[in-house]
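Residue numbers (the working numbering), protein chains in the order written: chain W, 36 to 198; chain X, 36 to 198; chain L, 36 to 198; chain U, 36 to 198; chain Z, 36 to 198; chain V, 36 to 198.
Because the hints were derived from the structure by calculation, they are not lab data. Hints are supplied without guarantee of correctness; some may be wrong.
Put simply, identical chains are the same to the list, so a pair is met inside one copy or across any two.
To be verified - With a straight-line cut-off of 27 Å between C-alpha atoms, the simulated BS3-like cross-links for lysine-lysine are:
hint, residue 1, residue 2
1, K113, K37
2, K76, K192
3, K37, K90
4, K192, K142
5, K76, K168
6, K187, K142
7, K142, K168
Since the model is a prediction, treat every value here as computed from it, not as a measurement.
There are 6 protein chains.
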Amino acid sequence: MKAAIYPGSFDPVTFGHLDVIQRASNMFDELTVSVLNNTQKSPLFSVEERVNILKEATRDIPNVRVESFSGLLIDYAKSKDIHVAVRGLRAITDFEFELQIAQTNRKLSHEQLDTIFLNTSLEYAYLSSSSVKEIASFNGDIYPCVPEFVAKLVYQKYGFENR
Amino acid sequence: MKAAIYPGSFDPVTFGHLDVIQRASNMFDELTVSVLNNTQKSPLFSVEERVNILKEATRDIPNVRVESFSGLLIDYAKSKDIHVAVRGLRAITDFEFELQIAQTNRKLSHEQLDTIFLNTSLEYAYLSSSSVKEIASFNGDIYPCVPEFVAKLVYQKYGFENR
Amino acid sequence: MKAAIYPGSFDPVTFGHLDVIQRASNMFDELTVSVLNNTQKSPLFSVEERVNILKEATRDIPNVRVESFSGLLIDYAKSKDIHVAVRGLRAITDFEFELQIAQTNRKLSHEQLDTIFLNTSLEYAYLSSSSVKEIASFNGDIYPCVPEFVAKLVYQKYGFENR
Amino acid sequence: MKAAIYPGSFDPVTFGHLDVIQRASNMFDELTVSVLNNTQKSPLFSVEERVNILKEATRDIPNVRVESFSGLLIDYAKSKDIHVAVRGLRAITDFEFELQIAQTNRKLSHEQLDTIFLNTSLEYAYLSSSSVKEIASFNGDIYPCVPEFVAKLVYQKYGFENR
Amino acid sequence: MKAAIYPGSFDPVTFGHLDVIQRASNMFDELTVSVLNNTQKSPLFSVEERVNILKEATRDIPNVRVESFSGLLIDYAKSKDIHVAVRGLRAITDFEFELQIAQTNRKLSHEQLDTIFLNTSLEYAYLSSSSVKEIASFNGDIYPCVPEFVAKLVYQKYGFENR
Amino acid sequence: MKAAIYPGSFDPVTFGHLDVIQRASNMFDELTVSVLNNTQKSPLFSVEERVNILKEATRDIPNVRVESFSGLLIDYAKSKDIHVAVRGLRAITDFEFELQIAQTNRKLSHEQLDTIFLNTSLEYAYLSSSSVKEIASFNGDIYPCVPEFVAKLVYQKYGFENR
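Model the full structure from these sequences, guided by the hints.
The structure is reproduced here in structure tokens:
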């Protein structure tokens with residue numbers, strides 16, 4: 036069985052992430068989407084909230100699992116016996132940063148964890164969780180960026196209940 | 036069964052290409068390496084020679100097939116019912132060009148042909164078929180760049196028989 | 036009156052070019068779209084054909100004029116007393132090349148010709164006249180890339196009359 | 036009347052900004068330079084100080100207005116019925132970030148706010164408000180970077196009164 | 036005598052830095068490696084520790100000196116009558132940032148301080164002090180990244196004494 | 036004695052090249068500027084003409100020699116016992132191409148030929164021999180780009196004798 040892992044912050048999941056999840060789930064027998072528990076950042080949603088949001092957003096894709104992890108990705112992937120990581124690429128800056136991480140992971144895992152990149156679909160090319168949060172914080176329109184139930188949860192976090 | 040296609044010119048195949056082939060063959064049940072028959076370029080090796088070289092260079096990887104094709108990749112992939120193309124990424128310039136092709140293929144195939152990118156291993160990051168040919172044309176050393184039997188064939192093309 | 040010039044090869048005009056034309060025509064009182072008569076290239080359409088295609092494609096935008104020119108852009112712009120050139124930006128490679136030309140034009144014109152850049156709309160970000168021609172040469176589908184009457188003219192050039 | 040808006044932090048305004056202001060004021064009937072009131076950053080100068088500095092620095096350009104705004108640019112532009120934003124481009128990193136913002140603004144405004152880019156003149160290509168502040172904080176020479184009266188105000192902020 | 040300076044944070048020194056030091060020491064009669072005392076950052080090692088680590092790591096290269104400095108590089112270089120700075124280049128993002136600094140230094144020093152760039156050897160191309168620290172903080176393997184005695188010191192800082 | 040080599044086409048030498056020559060000649064005891072005899076291109080000036088132009092343009096810099104070479108740079112550098120190549124960097128596209136060549140040269144020379152990069156001074160950042168030739172071919176003004184005696188020679192080649 037060919038399995039892959041899609042790690043990320045997903046704070047919150049966007050249509051860009053969901054596009055990568057849909058496409059990667061077509062390529063592998065099982066795809067594990069895993070929320071990084073990064074204790075150094077101050078996320079909008081807790082790890083548990085993000086796992087639940089992802090489960091809801093991907094419930095129609097049968098071969099997708101949602102989990103969370105902390106520490107190094109290579110240790111987590113080894114514990115699950117998964118050898119492929121999936122990452123989306125939006126732009127040049129992404130590209131360099133992602134390549135650095137992919138190379139480091141391949142070296143540190145003694146070539147046991149490889150990374151494949153999917154380029155983000157054009158309509159989501161400039162979409163990021165950060166910009167979604169910034170726009171929502173000014174009560175701007177994020178419905179084109181995230182699923183409707185996610186948008187409502189984001190507005191709630193910023194106190195725009197009836198949006 | 037999960038199948039993928041790795042299209043390219045392979046004129047000649049380098050250690051960089053073989054690195055991508057090895058890694059992609061681990062990710063899919065079957066990998067078809069296919070030589071593009073581009074009638075507009077003047078290749079060093081004929082399509083038939085390149086297919087034979089690739090077969091020899093990959094004969095230890097059981098799930099790799101070698102073929103050739105002409106025309107649009109999306110038509111060829113459709114005829115073989117393959118939905119994933121594999122491409123190696125070396126650098127920024129590659130990145131932009133490859134993304135353009137991947138987006139075009141995805142659009143023209145009505146999302147039936149997706150592309151995944153593998154970043155070239157560091158030791159092959161600056162290796163290209165073109166530079167191999169330029170170095171060989173001055174009788175420079177290409178043994179660090181291609182398999183030994185390929186190097187000998189390239190030197191023959193440039194008239195350096197006993198190298 | 037604020038006037039601008041949009042120079043290019045337009046061989047053929049794509050939806051990406053038309054997007055730039057539409058947006059730039061909103062920003063200036065008059066926009067002159069001008070086909071560069073580059074004697075060194077072998078175009079698919081003659082300069083006259085390209086001018087006629089552009090006139091047809093822009094006939095609903097009242098403040099757009101279509102012309103052709105040869106020689107240096109700064110000389111042509113000076114002859115028309117226009118001080119702003121418009122260029123579309125698709126990607127990093129475009130960006131560097133376009134900046135080089137813009138800087139050179141500004142210097143050579145003694146700051147009489149400035150350039151503004153519009154970023155191509157996302158849905159046309161990877162569209163180019165070259166890829167349109169390559170796809171059409173294999174009888175691929177270019178209707179998503181150019182207006183219908185342009186597509187028919189391109190197919191004619193490649194001998195696909197009844198497409 | 037063709038109007039445009041040039042939003043920014045301007046903390047402080049540099050010769051690079053003033054170059055963009057001068058050139059954009061030639062292209063439009065009216066240019067509104069507007070200081071973003073970003074409550075999350077710790078600026079060197081208050082919004083009021085920055086507005087006053089900009090008014091002084093641009094007082095010889097009759098069609099330039101100076102204002103400030105908070106919140107989303109698209110809401111501010113809509114309230115003023117302005118449909119064009121102006122941004123300077125210095126380098127690749129700028130380019131990607133600026134394109135992301137421009138695309139987002141165009142989408143969120145339903146194509147009512149478009150962005151044009153001017154490439155910074157070569158002599159200011161590597162000039163930024165941040166580097167001006169860092170150099171001044173070590174009592175380095177910032178007279179090549181900002182107008183004389185601005186330099187004196189910056190040195191005052193860092194306690195170098197008699198520079 | 037031709038002298039050069041290699042400024043940096045070196046928190047800690049990596050094999051990538053040592054590669055630059057070795058190669059630059061071959062090009063100049065004397066190379067001064069100098070630790071920047073940047074009071075705004077929270078380093079893992081103190082300036083004194085970093086100087087001592089560098090002295091130990093370079094003790095076999097006779098024409099290398101190790102020092103520290105604070106303030107602007109151009110003032111420090113002037114005080115030592117050195118006119119060439121050395122910097123390593125890993126990637127595009129580095130490139131832009133480094134060029135900005137090099138241009139600023141050249142301008143502020145009235146062309147008395149020039150900068151040369153060495154491209155990092157491929158095997159260290161994606162290595163940075165930051166990633167070394169992040170990996171070590173999770174008790175990951177940093178022995179491929181830094182000299183053995185440096186690795187032990189880094190692990191000590193993160194409380195992994197017996198690694 | 037520290038020696039370096041500056042290889043290139045120099046067809047013709049521009050102020051950008053001369054800026055690199057001046058700065059590199061300050062860093063090394065001897066700088067050899069060497070014209071690549073590339074038989075595949077159709078140059079404007081013969082190798083002999085380019086050598087003579089370079090000698091004239093650099094006659095005030097005592098430690099500069101001008102030569103020509105054909106074949107691989109690493110073979111030429113080895114024959115002269117020079118271990119450092121100098122290259123100017125203008126932009127991102129340059130950067131990638133130049134790094135590829137530098138890495139290849141370092142590998143093929145078994146680390147006997149290293150490359151240093153100087154970033155082109157801002158006022159010459161967008162200057163290239165190609166654009167000089169294109170502008171001159173339309174009788175445009177190239178006096179800001181090359182020394183006066185070079186400009187006259189270029190205009191002669193294009194039949195503009197009395198410019």
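Hints, one by one, checked against the model:
no. : hint        : verdict
1   : K113 x K37  : both (15 Å within a copy, 23 Å between copies)
2   : K76 x K192  : both (17 Å within a copy, 21 Å between copies)
3   : K37 x K90   : both (21 Å within a copy, 25 Å between copies)
4   : K192 x K142 : between (40 Å within a copy, 23 Å between copies)
5   : K76 x K168  : both (14 Å within a copy, 17 Å between copies)
6   : K187 x K142 : between (42 Å within a copy, 20 Å between copies)
7   : K142 x K168 : between (34 Å within a copy, 16 Å between copies)
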